[in-house]
Structures are given as structure tokens and as C-alpha cells.
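So the sequence lines, in the order shown, correspond to chains A, B, C and D.
Position 260 of the first sequence, counting from 1, maps to 260 under full-length UniProt numbering, and the rest follow consecutively.
Position 94 of the second sequence, counting from 1, maps to 94 under full-length UniProt numbering, and the rest follow consecutively.
Position 89 of the third sequence, counting from 1, maps to 89 under full-length UniProt numbering, and the rest follow consecutively.
Position 176 of the fourth sequence, counting from 1, maps to 176 under full-length UniProt numbering, and the rest follow consecutively.
These aren't lab readings, by the way, just hints derived from the structure by calculation.
Glycine included, every Cβ here is placed at the ideal spot set by N, Cα and C.
Errors might be hidden in some of the hints.
Stated by the list, open to error - Label pairs and their computed distance ranges (CB to CB): (1) C:Val-116 with B:Ala-126: 54 to 64 Å; (2) D:Asp-128 with B:Ala-126: 24 to 34 Å; (3) A:Pro-322 with D:Glu-98: 45 to 55 Å; (4) C:His-296 with D:Ile-340: 40 to 50 Å; (5) A:Asp-66 with C:Ala-369: 54 to 64 Å; (6) B:Ala-126 with A:Ala-369: 49 to 59 Å; (7) C:Ala-369 with B:Pro-238: 52 to 62 Å; (8) B:Ala-126 with D:Phe-185: 27 to 37 Å; (9) B:Pro-288 with A:Asp-193: 26 to 36 Å; (10) C:Ala-262 with B:Arg-272: 38 to 48 Å; (11) A:Arg-247 with D:Glu-98: 32 to 42 Å.
Said to hold, decoys possible - Here are the simulated DSBU-like cross-link-like pairs (lysine-lysine), alpha carbons at most 30 Å apart as the crow flies: (12) B:Lys-277 with B:Lys-358; (13) C:Lys-358 with D:Lys-277; (14) C:Lys-358 with C:Lys-277; (15) D:Lys-358 with D:Lys-277; (16) A:Lys-277 with A:Lys-358; (17) B:Lys-358 with A:Lys-358.
4 protein chains.
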Amino acid sequence: MTTIKDSVHDHISVDGVAADLLDTGPVQRLRRIAQLGTVKLVYPSANHTRFEHSLGVYHLADRALDSIGIGGVEAERVRAAALLHDIGHAPFSHNVEELVHRHTGLYHDDVSDLLVETEVGDVLEAHDLDPERIAGLIAGEGQYGQLVSGELGVDRMDYLVRDAHHTGVPYGTIDHERLVRELTFADGDLVLDEGNVQTAESLLMARALMTPTVYAHPVARISKAMLRRAVERLLATPDIDAGQVRRMDDYDLVSALRTEPATAEFAARYDRRDLFKRAVWAEYDDTPEALREADHEAVRELEAEIAERASVPADEVVLDVPGEPSMTESTSEVLVNGEIRRLGDHSPLVEGLRTAQKQQWRMGVYTVADATERVGKAAVDVLGLDVDGTLVSDVRRRVNASLDEFEAGAGR
Amino acid sequence: MTTIKDSVHDHISVDGVAADLLDTGPVQRLRRIAQLGTVKLVYPSANHTRFEHSLGVYHLADRALDSIGIGGVEAERVRAAALLHDIGHAPFSHNVEELVHRHTGLYHDDVSDLLVETEVGDVLEAHDLDPERIAGLIAGEGQYGQLVSGELGVDRMDYLVRDAHHTGVPYGTIDHERLVRELTFADGDLVLDEGNVQTAESLLMARALMTPTVYAHPVARISKAMLRRAVERLLATPDIDAGQVRRMDDYDLVSALRTEPATAEFAARYDRRDLFKRAVWAEYDDTPEALREADHEAVRELEAEIAERASVPADEVVLDVPGEPSMTESTSEVLVNGEIRRLGDHSPLVEGLRTAQKQQWRMGVYTVADATERVGKAAVDVLGLDVDGTLVSDVRRRVNASLDEFEAGAGR
Amino acid sequence: MTTIKDSVHDHISVDGVAADLLDTGPVQRLRRIAQLGTVKLVYPSANHTRFEHSLGVYHLADRALDSIGIGGVEAERVRAAALLHDIGHAPFSHNVEELVHRHTGLYHDDVSDLLVETEVGDVLEAHDLDPERIAGLIAGEGQYGQLVSGELGVDRMDYLVRDAHHTGVPYGTIDHERLVRELTFADGDLVLDEGNVQTAESLLMARALMTPTVYAHPVARISKAMLRRAVERLLATPDIDAGQVRRMDDYDLVSALRTEPATAEFAARYDRRDLFKRAVWAEYDDTPEALREADHEAVRELEAEIAERASVPADEVVLDVPGEPSMTESTSEVLVNGEIRRLGDHSPLVEGLRTAQKQQWRMGVYTVADATERVGKAAVDVLGLDVDGTLVSDVRRRVNASLDEFEAGAGR
Amino acid sequence: MTTIKDSVHDHISVDGVAADLLDTGPVQRLRRIAQLGTVKLVYPSANHTRFEHSLGVYHLADRALDSIGIGGVEAERVRAAALLHDIGHAPFSHNVEELVHRHTGLYHDDVSDLLVETEVGDVLEAHDLDPERIAGLIAGEGQYGQLVSGELGVDRMDYLVRDAHHTGVPYGTIDHERLVRELTFADGDLVLDEGNVQTAESLLMARALMTPTVYAHPVARISKAMLRRAVERLLATPDIDAGQVRRMDDYDLVSALRTEPATAEFAARYDRRDLFKRAVWAEYDDTPEALREADHEAVRELEAEIAERASVPADEVVLDVPGEPSMTESTSEVLVNGEIRRLGDHSPLVEGLRTAQKQQWRMGVYTVADATERVGKAAVDVLGLDVDGTLVSDVRRRVNASLDEFEAGAGR
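Only chain A is shown next, with the shape it has when bound in the complex (with noise of 0.2 Å):
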């Protein structure tokens, strides 16, 4: 048994394939890629990893079915796909992900080639266990796979607390321990025992809080935005796939920005922290919904007339429109007086979660600092903006007035 100090849930001991698997070159990449990407430029102490996390998320399984009183090889697998629920993760994590899946078709869930190509797959015969079902519960299938991904699975409660520790946002301070211990099954469910509802709404809570001021934190998706628009042109140039990028770990991925003429300016403002501007941004019901729907071409093609309009180079505006704001958690369940409830059904608190959450969803387009007025202007005509264009100044008055936000924690 191999005992790892964590900085939030202290000792860790791993045993069993678990042992084996962290020896694996998939899962010690995993240490070198950051947690929240881009999201350091915004909060400088969030260097955290993948690796701990999993680790964390391994633990936290552990408990979690030692609590259920699952052993066995049931639980094998499920500490395994714990472990390695993150492995299919691009550097970055998440901000190169759609890209990625664009090219690739896979998400960052979709792993069955990596545990069996990879010498995870060798580990696993080893302990017989059937990479299949592995795959399967790290896509959140059956009641384990909730356990491991689900909407009150494991995953979710340690990067709440892991990332509230390091970015210093105490929002996602959730009670991780009672959650671990109150989870049960029932008909074929992950659920949270009697009792629990505000167990299962202070989950909700926590990430509805988290989201904006961390993971959509909009110098995070300036950033992200940015790191996309730069590993799409890596991806142009004869030299480096997609199958490539997935596989790649940070520091790959920022040597072959740094080294790539193309994409070698984007490397060094990055380095410099050097960002593009809001030039303008618009809410949810001001946006047209035919630009909430645009697709990636769609979008390239918009971004190209703006930067036509406004003079400046086609590669100094992103137009950034987020997706649809959904809420899935509101299908976690509860069980209330014997009975299985959703909590969307059951917590008055989900609608005016997933309306809060529309009310902070933000379309964005960004430049270089000083054709942001050009670039506004530009933006507003051809987006349709429902903004009067002499006021086009306001517009962005209101972004830098409204959104403290926008520079609270940030390094620079």
C-alpha cells in the first residue's frame, strides 16, 4: 500500500490495481496537466493537476463505496475508473477539449482506445479487468458509473473543494465528507439518502457559484478562447494532429505553440499574459438566438466579417458564444420520505439556479487592446446587436463597469 500526502483529504492510500495503474505513463501525465487550464492567469495559485485530482477522486470512490459496502471486483472497477476518469483529458483539460472532439470525435471521457492500447491496458489484464467496463464507468454508465461521474458523483465533489483550495474561492467548500457518506443505491440509482435534499441543493449551489467566478471567470474564457484559436492553427500546419494534441501534455502543447511560426506570437503573449479585450459582450435574451445556435463554421465566418469591417487581422477577433446553459444536476436524486425524487422536481432552488445561470451566460467578442472600439462597432453591426451604434461605447462602458469581476484576482 502506497501512501500519498494530498493537500485536501491529507493521507491518500492507494492499494490494489489502483497501486499498480498510478505507475502507468497516462496516469503520471496527468501531473502535468493543469486542473483548470487557463484559469491560473486569472488565479495564480490554481497550478493544480489532474494527477491530484484523481487521486482525489479515487479516495473520495473508496470512501464512498466502503460507506455503500461495495467490495469486491465491483469496486476494483470502480476504483480503477476513478483513477483514471481523467486520461483522456488534452493539455489544458477542457479549453482544447471541443476542438479535440471536432477533429477527433472524442471527448474527454471517451477513453476505450487508451486503456487498452496504452500499458494501463496491461494493468488491467493483469488484475483481469475488463477495460469495457471500465470505459463504460467513466462515461457515467449504471449506477457505478454515477458514483464515478455522475451528477453526485465523486468527480464532481473533489474539484469543488480542490479548486476552491487553490484558486482561494471558498465557494466550493461543499461537505464532501457527509455527501461521501450519505450516498446510496436505489433501483439501479446513485441517490443521496433520507434527509439530504439540502445536502444535494449546497452541490448545486456550490457550482452555480463556482461557474461564474472561476470556470467562465471571462478572463479564463478570453484565455481559453485564445489557446483555441492558436491550437487551430497548429492543427492547419502539416506537423501535428489532433489524435496528436489529445495525447500531448502541457508542456508539449506549449512548446509546439512556442516553436510553430504560426502561433509563436500567440506563445508570447501568453507568456506575457498579454490578453485580448472584451470589445463587447451581449446577455443571453439580447443575443440572437440564430448566433446562439452558430456553429464552429458559422462562427469563423462571423469573425471574419467583423475583422473585415473593422480593419484589423482576421486572427485578432474571437467571437466567443458559450452553449446552451443546461443544468443537469436538477436530475440528481433524493430519496424523500422512501420515495426517489428528482431534485429538479423536488427543490424549488433548481429554477432559480438554471435562471441564474441564463442570466449569467455572456456572448463575447474580443480583440487586441486597441481596436477594441473598431472591433465593438464592427461586432455590433454585424452581430445584429440590439444596441443603437452611436451607443456602442456604452455598450462597452457597461462591460468594464458591470463585471468587477473581469479583473478581481487577476495577476496582471
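Got chain A; can you put chains B, C and D on it based on the hints?
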């Protein structure tokens, strides 16, 4: 300047009028008033006092004043009010406040008399501070009063983090340093500066989670109801009146309860944590409106009626009808795009939290452990609860089944 | 199984005999015994109780047993002893222990009578556990007794981290999770496993820093000396004997001190934190050996002599002579290369800590604020301190000048 | 003013010259220098950077200046020095410092060139601050230099608490708020004010515990030795010189090691955490004095000789001889009764800590896992270690048996 080490804010520097007020009897008395009254029967670590809380409120007020840029006599008044804001608390803090109010007309923030009649008055006079204005601040009057006692005031910030620290329940862990930095005055009101809608919401969510988990935990409510009942008996004796109770500390009150024959049994029960159990409970919508609005006299009559029908001594039945749910925080004001907006109008969460609060509301009837069956049935009849008489035991089962928080954290 | 939320260890699960012991009077009484007695007059947040500490000790014992691999009746005995180990404490914990011992011959860990005569005895009997063996464990007998109360025992681990959490002084923050995992038995003794010399040293250092900063803080010593003096007066009345004091809780004692005319003035002083001040102090080497070894009677005579010479009432002079410095931890045993070694023989730190402890030792004479000059001079003469009579005020200046901790953390 | 959220100090406000320095390349580069180099291979959460540490040092310096009452240009210089004090660090912080020094003559605090040649120089000039004086402060010159980099300086305070927070090892949790408040200047030196002997000792003890547990953890030393070896190879190529390495960030260095054929194997090993193992080790007194004093060349020759005798490639043997133990903190000065005293003269602990440090010293020979037996024997012969040749395996057993910290916290 005195420096005091605090478990929550680390070092607190006390200066000026506050340093002199520290030495007065009414402030030192707060060392012997439990911040959360009987909550320590649920969370055994919750032994913190109004004294350390008052120091914390003073500290946060001082930092907020500094951040807003207020100095001089205005600031001294606010600092004095912050340190003194709880000197009007009776023993066990809020637990017997309602009762003291019924007899004296005074709530805990009615402190005009204490600011003049006690040695606090001498200190204020020596510092040329008007007691009436300080009483006004403590009562929450004006923008400076809001800073101390308002929805966004430092009182609330301190108690949330402090109660979280001492109970071990993390939900109160707000970002108080940010809150204090973001307070400002606008149009004569205390508001949060631009970009703080989520900061304001986080305060509401913290309260929304701490309330059912800590402040209104069923066991805390039961022990509070028992304590109130015992103090009523004490006041029925010729020896003690409510004005005296108001100025007692926890030691005085416990001692009086132990000594007075009419309350000795309660005192023994309390010491052994031998509490009443719930005989029946009902949600807001299942509680007849007349009952929800019943005054003290009406409640006493119903208790007597239930006791009689169940053939138990009148003193062994407690009918606990919480006040109407309210969410005053919804009047918190936040600057949004240069305009002052009420959080309740702007935040979709507030409505959800309001509904959740109503959902958590519980009327309860408590009695000794071996009479719960009888008393439960009698209460259903007497109170006209909407359940079939034969289902009483189911009603009780629902209680026990659905409220694990009933036992969670309980120290017996 | 009962789960209790603790501010230090988060969730504590209580089971078996411990769950039944929780409900007994002697254990519930610990809720009303302040863990650190009068230290709360220095660190206002230090209001934690022997109850939560006892739960913590139970929890750590349970984890250590689990880690070592001990189960069955042996483990039940240890868990019972852990929960019960402090039921022999008088009010205010160690503050009046010496006095109770002088009158009854019992220290706080002499609990044979309480394990039999109280309802604790019934619970032990119902669980078939021998009270005598449990009393032995509480007194530290054998390797299991060392686990509870020894130099490396869980009692010490819990109080260091708990006292740090509640005072805000970080020095007690040891790595208790590691310590608990590294305990083992060798040759009938509790030892730390291989590779833990520094782990053992860290425990010593934590104590070496907590002692002068918290446990023997001058203001804590003064208020303790005053309290002891008052309780002596109480015992001189016909109403109360030391056996009764031993079974009181803090409320009983405060109430008795307030009610008894002979101690009412002390009680009022205590409530107002109106404490004696140091008239003079001396280091270990400057204190005549005869004085260091003086017994209770001799000290009382010296006090009377000083008082007379200074023309102050005898009760207003306290001569405080701490016991000989000792460092029992040096007998802690650690496995080094397969051999059991005493830490004192192996660690060069121990000698340094021992000397430091002697260096921190202070004899003190305390009196009312306006008599410090007179009493200081008289004490120098009477005690034969090695200072020129004309330098007394310098001696006192040194006190005030050199001990900022004298005021630091002080709540007045 | 910029406000940055920090995981250790919460909100840090950056102002004046510091705000402008933040934006410069040399400061932003610190975001990509791991604070503890290869320690993250032992403590997986230790991914914090020199950037957040530098912000923390700036913050504590600012608070200390405020507490001492220093303002104006003097304070601006100190704040600039605090933020810039680590810009001279090579990648992986101290790991390759010795090597860079051997080639360039520069240690990490030799930054005169960087303060002039980089854009940092422009900012300093714009603020009318003399780079030479700031370089002096960073090198620890004068009382202000001591405030930044001295034994009692804020650099040390920040790294102890920060390293504790991120490794999860609690030993570094000092009372930094108190330390910062108690600093003062006396006779041109930085000293701790009266009453702080224990405060000063606590700083020493924290270092004394963190050093073997974290900074000189065997696995950290092994990986550091391997890294140094690899960088030496890199410098032997015509492409890269030490001056360049000094200005690289971690990404540059990892990338260079991966790309350069001569170091690719090391890079692969490092990525998989496939580290050398200890073949043999010896304590201070068992290590021949000549070996303890051997210079770089001599060590390289011994390595070659051991490798040859053991028939392994020269590059697979690392001889790791730590420098002489030193305890510079003993020169810390504290005011005692109005006089400045050196802690080393006043504190009996210092001698104990000095001896302990010597006791923890370990010379080690490392090699690939399957050659430890052969290399161990060869090293005993070549180095003239005082063990019987036939006992080598016992020597190694001692290693493995006695150093559980060898594995504790290790992520494999």
C-alpha cells in the same frame, strides 16, 4: 492598542473607544453568552460566545470603514456600535428572546437603556459619543446602521463564518474579505459595488443552507422550546422577572433553573441531554393557517388541550410554531450598471430561496419519549391536521424517516 | 451508529459501548467543563469543552486501533477509556486539580470510583467490560494505556490540534493523521514505526511552543491562581468539600463562587476580567531553590508575610511557583533500524527543548493593580530575590517590557 | 490598484511600482517556475509557483512596512524588491541553481543584470527607483534587505506557510501574522520586538521540520540529482549555455530535455517518475571528511569509478553529497529586556536544532533499480565507507527499513 487573537480573523487590533468598552461589564458579560444557545446540543463544538463574535463584527466593521474611506467620529460611532451590538442579548442568545420581549417589550437590539445606565454610558461619554445615535446604529438605522446590522452588514458576515468554523458545517464559509471590500454607500444606503450580484447571492445561499442545518435544526428547536418553557416557569415564580433574565449570563440562568424547584427537572434533563422527541410535525401547507398565526396564549391553550387528551402533564407537551418564513435579504442592494437594484428584483435565485425556506418550515409537537404515540394522535385531532387518524404512526414515521439531520451531528 | 459533526475531525462515528456511554451523566457533564479553564480570558475563542475533546480522543483511538489492527474486546476497552478518560476532571479542567488532589488524593485520571458508582458502571457492565481495566487504561497502564494517555497517545494529539483550532495559535497543528497511522506496538510499548524520528520531534516542538504561548500564558496563570485561591476559600466554608467540587461542572462552580460571600468579590472580578497584575517575577535560576521546592503551606506563609510587609490584605497576594520543568515526552519511543530507541537518547532536540522549558519557567507574585509597587518590593525582600531593593521598579519594567505575550491575545 | 486572490493570504492588493512590475516578462515568467522543483514528485499537490510566492512576499513586506511605519520611496523600493526577489531563479527553482552558478558565477539572488537589461529596468526607471539598490535589497543588504531576504525576512515566512498549504505537510504553519507585526528595526538590523523569543524559535522549528520532510526528502533529492545530471549533459551540447538556462522557464527546460537526444531518456524517465533508487547511503559521521568536502570534479570522478567497478554506464550513477549543515537562523536577533540578542546565543533550542540537522544529513549513491546491489557494493569500496563488504545488503536494508519517508507521500 490591544491585539487579540481570534480563531476566525487571526489578529484583531482594538483601539479608541472600543478598547475602553472592552473593559466594561456588559461587554465582558458576552463572554458568558453562548452564540448559538442550545445548538451546542447538536454540534458539540459550537461553544463560541457573543464576545468573540462581537470582536469579529468590530473587526469587519473597522475594515469596511477603512475600505469605504470613513474616519473620524462617524467611524468611532460605528466601531462602538459594532462591539456593543449584542449587549442586549439575554442568556442563550436568541433562545429566550421572544419571551423576554413578551414581558419587557425589548428585543436584543433595543439597548438604549444599557447604553446609558451601565458603565458603557461612562465610556461613551468620555469619548463624546451620543448613546442614542449608537442605539440607532445597533437597531440598523441609516446607512451606517445597515453596515452593522443590515442585510449586507458585518454582523451577518461574521456569524456565518464563525458558526461554520465552530460547528464544522462548511456552508457558512462565505468570502467575507471580498464582501467587506465591496461594500459602499449609494443614495444613503449600504450597497455592494458593481459586479457583485453573485457575491450578494452567495450570502443568501450561505444563510439558506445554514438555517435548516444549524440554526433551525430540529434538535436545536426542541431544546430551545424546552428551555423557553422552563424560563416561563421561572418567570411565574415571584423571585425573578424578565428584566432580570435579560441581564443574566448563561451561568446565572442555568444556576437559577437548577435551584428553582419548578425547573429543576428541566435542568437535569438539559444536563443529561434527555430531550423531548417529536410526536408529530407538519409542513407549511399542511398546517392550518389559524395555527400558523396563533399567538402565545392560543398556543398554550392548544398545548393544554393536547396534553389533556393524551393524558400527560401539561408541561410535557410543547407546540412549536415557527414564525412566517421571511427572506429579508432580498432587499439587499447591489449596483448593476450604475443603478441600485434590489437583489430580490434582480436575482432569480431569491424567489427560489424564498420557496425553499417555506418548504423547510416545520410545525412540531414535542413530548417525552414514551408519550410520543399518544401525544401525536391527540395533536392531530386537536390541531386538525389533515391526516387520517389511523395514519398517525405513518405521520411519525415520515418524521423519523425523512430527517436524518434530526440525528446527524447530535451528541447523544 | 451515531455520527457527530466535530469542528476538528469533521464526522465522528460513535458505535458500540461508546454510543451507550455518550448518554451517561458523567460524559454529558464534560460538555460543561472548559477544556482550557481560564485560558479563555487570554484567547477569547478558547471555549471548547472536554466533551468535544473526549470525542476527538475516541475518534483518534479508533483510527489508531484500526491502523494497528486491533479489534474485539481489547479495542472496545480502549475506545471506552478514550471517551471516558477525562470524566475525573474538576471544573475548569486542570485549574483546580492540584487543590482537589490535596484534599482528596485524586488526580483527574483517578476515576475508579466514577467508573463504578455512576451510571457509567451500568453501561460497562452491560457491555461486559471491567471498570478496573478501563481505569488502568485511563491511568496510562500498559501499551493500550499508552495509546490513550501516553507521551505518544491520542489524548495529546487531539488536544494540540483542538487547542490550536480554538485559540487561533497555529503551533499545535501537528500531522495527527500521520501520527495515528504510524503508531505500533513493540515489546509491550507503544512506539512510532520506522522513519518517524521527526514525527515524534514534531509533537515535542508543538508542545514546547504551545506551553508558554497558551497553557502557561502569564494571564492564564494569574487567573488560574486567583481561581484556586477562591476555591480554597470555598472549601474553607462548611458547605462544600473537595469531593463535591470534583463532581461539579463549570456552572456549579461559578454559581457557588458567586453565591458564597467569601468568594463573591473574586467572582465579580473574574466576570469583569479584572485580574491581579504581576508585582514581580523571577526566572528559574534566580529563584532560590528552597522557594522552588516550597510546599503549599510554605507558600501560604510567604504570601502572608509579603502581604503583611506590603500592608495589603493577605488575600490580595498570590505567590505562583510552577512545578519543576519536566519533559516526559523524552521517553517517547521510536523504532530506528529495527531497534526501539528513546527519543530522549536519540534526538538532540530533546535536550534543547528541556533547557528551553527551564528558560521559560517563571515564578510570579501577583496582586491588585494599585499595590504592585509595594508588593513587588516586599516580595523581593521576603523571597530573598537577587535584586537590589532600589531596582524593584526596573524588575517590574522588565516584566512589562519583555513579555508582550502578557497582553497579546488578551481580551481586555 | 489590482486585487489578486491568493490561496494563502486571500486578497492581495497590488499598487504603485509593484502593479507595473507585475506586467513585465521576468515577473510573469515566474508563473512557470515551480516553487519546489521536483518536490512535486513526492507531494503531488506541490505545484505552486514562484509567481504566487512572490506576490505573497510582496504582501507580507507591505504589511510589515505598514506595521513598522515605513512609507515613501524606501517602502516602494522594498516592495519592488519583494516582488522581484526571485526573478533570478532558473527553471525548477533551486534544483539547478548550483550548476548555473558553476557556469555563470550567479546565484538566484544575483539579479543586477535582469533589473537593468529587461523591461523591469524601464519600470524601475519610470518610478525613479535605482536598480542597484533594489539588487542590494534582494541580496539581503541592510535592514531593509533583511526584511526581504533575511533570517527573519518575509520571504521565509511566505514559503513556509505556502509550502505547507500546498504539500499538505502542516509543519510550516507558522504564525506569520504575528511575525509580521512584531518585526522592527534596531541599530540598523531587523529584529523581533520584545517577548518574541518563542516566535523566533517557532520559525526555526518550522524550518527544521520542513527540511527533512519536504525540501530534502530523499525522493526529491534523487530526482533533483537526476535533473542536474541531465542539465549538465544539455550544457555539454553546443546549443545551450548556462546563461540561457538561467532565463528559461520550466516549459523551456522540459522541452529542451525532451528534444535533445542526450537527455531524452532522462526526460522519459522523469515523465514516468521512473527514478533512480538509493544504492547506499551514509550519515554525516560515517562519511569520510574528504568526501564531504569533495568538489564537483572530484564527485564526477568518484561516480565514474563506482560505475566502472559496478559495470554500469557512468550516467547511471549519481553521488549526492549535500553541503555542510548550517543553521543561519541562529543569527536571528530578538529584543530581550531592551537588548538585541542573537537567537543562537539566547535559545537553547538552536544548538539542538543544529545537531538535529547534522543528524538528518545523508550522503547517497543512486542508480537504476536493477543495479542497486552492484552499485551499492562498489560505492562502499570506492568511497571507503566504514562497513564490511559483505554487509552491503544490510546497509541497504537499513535504508529501506528506516526511511519510511522515502515512500511516504510518494506518488507512485
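| Against which earlier hints does the structure fall short, listed by number upward? | 2, 7, 10, 13
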